[in-house]
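**Student:** On the provided structure of chain A, position chain B as indicated by the hints.
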Amino acid sequence: MITDNDKINSSELGIFIFLAVVGMGVLSLPSRLNSHVNNDAWLVIIVAALINILFLYIICKVGKINQNRGFVETLRFLFGNILGTILAIPVIIYCILFMGLELRLFGEVTKLYLLHKTPLEFIIFPLIILVTILVRKGIEAIAHSFGILVFIIGFAVLALTLAGSQNMQMSNLRPFFTQPLSNYISGLMVGVYAFSGVEIMLIMYPYIKKPQRAFKAATSAIVAVLVLYIVITVQCITSLGNEETKSLVWPVMALTKSISIPGGFVEDVEGLLAALWVIYAFTSLVSFMFFYTVIAGDVFKHKKNKHFASLSIPVLYIISLQGSSIADVFKLIDFVMRYFSSYTTFVLPVIMLIFSLIKGKRMQG
Amino acid sequence: MKSVLIFVQNYFNINVLALFLISSFFLFNLDCKEYKAKNLKKEYKFSMVIAILYIVGGFIIYGIAKVINI
Numbered sequence: 002m003i004t005d006n007d008k009i010n011s012s013e014l015g016i017f018i019f020l021a022v023v024g025m026g027v028l029s030l031p032s033r034l035n036s037h038v039n040n041d042a043w044l045v046i047i048v049a050a051l052i053n054i055l056f057l058y059i060i061c062k063v064g065k066i067n068q069n070r071g072f073v074e075t076l077r078f079l080f081g082n083i084l085g086t087i088l089a090i091p092v093i094i095y096c097i098l099f100m101g102l103e104l105r106l107f108g109e110v111t112k113l114y115l116l117h118k119t120p121l122e123f124i125i126f127p128l129i130i131l132v133t134i135l136v137r138k139g140i141e142a143i144a145h146s147f148g149i150l151v152f153i154i155g156f157a158v159l160a161l162t163l164a165g166s167q168n169m170q171m172s173n174l175r176p177f178f179t180q181p182l183s184n185y186i187s188g189l190m191v192g193v194y195a196f197s198g199v200e201i202m203l204i205m206y207p208y209i210k211k212p213q214r215a216f217k218a219a220t221s222a223i224v225a226v227l228v229l230y231i232v233i234t235v236q237c238i239t240s241l242g243n244e245e246t247k248s249l250v251w252p253v254m255a256l257t258k259s260i261s262i263p264g265g266f267v268e269d270v271e272g273l274l275a276a277l278w279v280i281y282a283f284t285s286l287v288s289f290m291f292f293y294t295v296i297a298g299d300v301f302k303h304k305k306n307k308h309f310a311s312l313s314i315p316v317l318y319i320i321s322l323q324g325s326s327i328a329d330v331f332k333l334i335d336f337v338m339r340y341f342s343s344y345t346t347f348v349l350p351v352i353m354l355i356f357s358l359i360k361g362k363r364m365q366g
Numbered sequence: 227m228k229s230v231l232i233f234v235q236n237y238f239n240i241n242v243l244a245l246f247l248i249s250s251f252f253l254f255n256l257d258c259k260e261y262k263a264k265n266l267k268k269e270y271k272f273s274m275v276i277a278i279l280y281i282v283g284g285f286i287i288y289g290i291a292k293v294i295n296i
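Here the protein sequences come in this chain order: A and B. With the numbering used here applied, the first sequence covers 2 to 366. With the numbering used here applied, the second sequence covers 227 to 296.
What the hints contain is simulated information worked out from the structure, not anything from laboratory work. Check before you lean on any hint, since a few could be wrong.
[Claimed, not checked] Stretches of chain A that chain B covers, calculated by requiring three or more beta carbons in the stretch to come under 8 Å of a beta carbon on chain B:
{"id": "1", "region": "128-139"}
{"id": "2", "region": "302-309"}
{"id": "3", "region": "314-325"}
Positions of the beta carbon are idealized from the N, C-alpha and C atoms, including for glycine.
Chain A on its own, in the form it takes in the complex (with noise of 0.2 Å):
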C-alpha cells in the first residue's frame, strides 16, 4: 500500500541511485578493473556506464508501461500469479546476499583503517541495527536522510580528491588501448557490475511523484557515479602507478597515504576517508534494504513491509562472516554479481519489456 505521503521527487530520486550505486566496491575498484585493462580502466568506465544507462532505460519504459503495478505485480501481471512469484525470488537472494557482502567488505575496511583491536564482528553488528531502523521508517525518511547526507560525503570528497591532485602524473595514461579485445571484455564486465544498484529503478515507480522525469533523474545519477569513479581511478594510476594499483587491494586508501593537506590541519586523512566511506556502505544498504523489503513484502502479498526488514538481521549477519579471507569475499561477490545482478539487471528487465509490449498489443487488439 503506497499512501501520498510515501512519494518521493525525482531529484531525491537521483540521490537514491547514486547512493545506492556507490558502495565500499569502488575502494577496490581500480585494482580490479586495472588487473584486466592496466592504465585503460577509466576509458572502461565510461563503456560500463553506457551500457548500465542503457539498461536503466529498458527498466524506466517497463516502469512507464506497468506505472500503477508495483513490480512484482508487474510480474504476477506479464507471466502469471505462479511464474511471476518464482521470477521475483531470484531478486530477494541476490539483494540479501549482496547486503550480506557489503557488510563484510564495510567490516574489513573499518578493522583496516579504523578500528584496528575491534572484532569484525562488533563492527558489522551495530550497522545492521541502524540499517534496519532507518528503512523500517520508510522511503520519505530515506530520502530526506541521503538528502542530508550526498552533500556531507560528497564534500569531503571532493576536498580530498582536490588536496590529492598534487601527486598526479598524467603520462601514466598513456598509451591507450594497448591490451588484447578479451581483456577489455573482462574488464568491461568489472566495469558493468560496479554500477549495481541501478536495478532498484525497478521498484521505484510506484515512489514516484512525476514518474515522466525518472529516467533523467536515474541517469543524471550514474552519470554522477561515472564522473566519481573516473576521478578516482584516474587519481589512482596517475599518483600510484599501474603496477601498484593493480597490487594494492584497496588502492583508493592507499591513495590516501599520500595526501598531504596544506597546513597539516588533518592529520589522519586515510581515517577521514575510511570514515566517509562508512556512509557509503550505511547508504548502499540501506537502498538494498529497501529494496529487498518492497519485493518481498509483495511476493507474500502484504500490505505493509517493515517486518521484513526485521527479520533479515540474523541473516545478514551470518552471510557476511562467509569466507576466510578477502579473497574469498571477492570470489563470493563475483558469483553473486555474474549470476544474481546479472538476473535482475539485465535478464529480466529485457525480458518484462518483450512481454509488456506483447501484452500491451494483444490488450490494443
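**Tutor:** Only chain B this time, still in chain A's reference frame:
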C-alpha cells in the same frame, strides 16, 4: 547433514543468538503492535510466527552448536 552441523557449529555463537533475539524484539514489540492496531491480521500473524520461531529456533540451534563436537 554433517555440513549443516559444521555450519551450525561455526556460525551459531552468542552473537547470532543475540541477533535472533533483537530481531524478535523488533518483530514483537514494534511490528506486531503496529499491525494489531491497524488491523492488518495477515502481517500480524506472520510477524508473530517469525518472532516465536526466531526465539525458540535461536535457542535450540545455539544449544545444538554448543553440544555437538565435530
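**Student:** Work down the list of hints and note, for each, if the structure agrees.
**Tutor:** Hint check:
no.: 1; hint: 128-139; in the structure: holds (count 4)
no.: 2; hint: 302-309; in the structure: holds (count 6)
no.: 3; hint: 314-325; in the structure: holds (count 5)
Every hint, counting from the list given before, is met by this structure.
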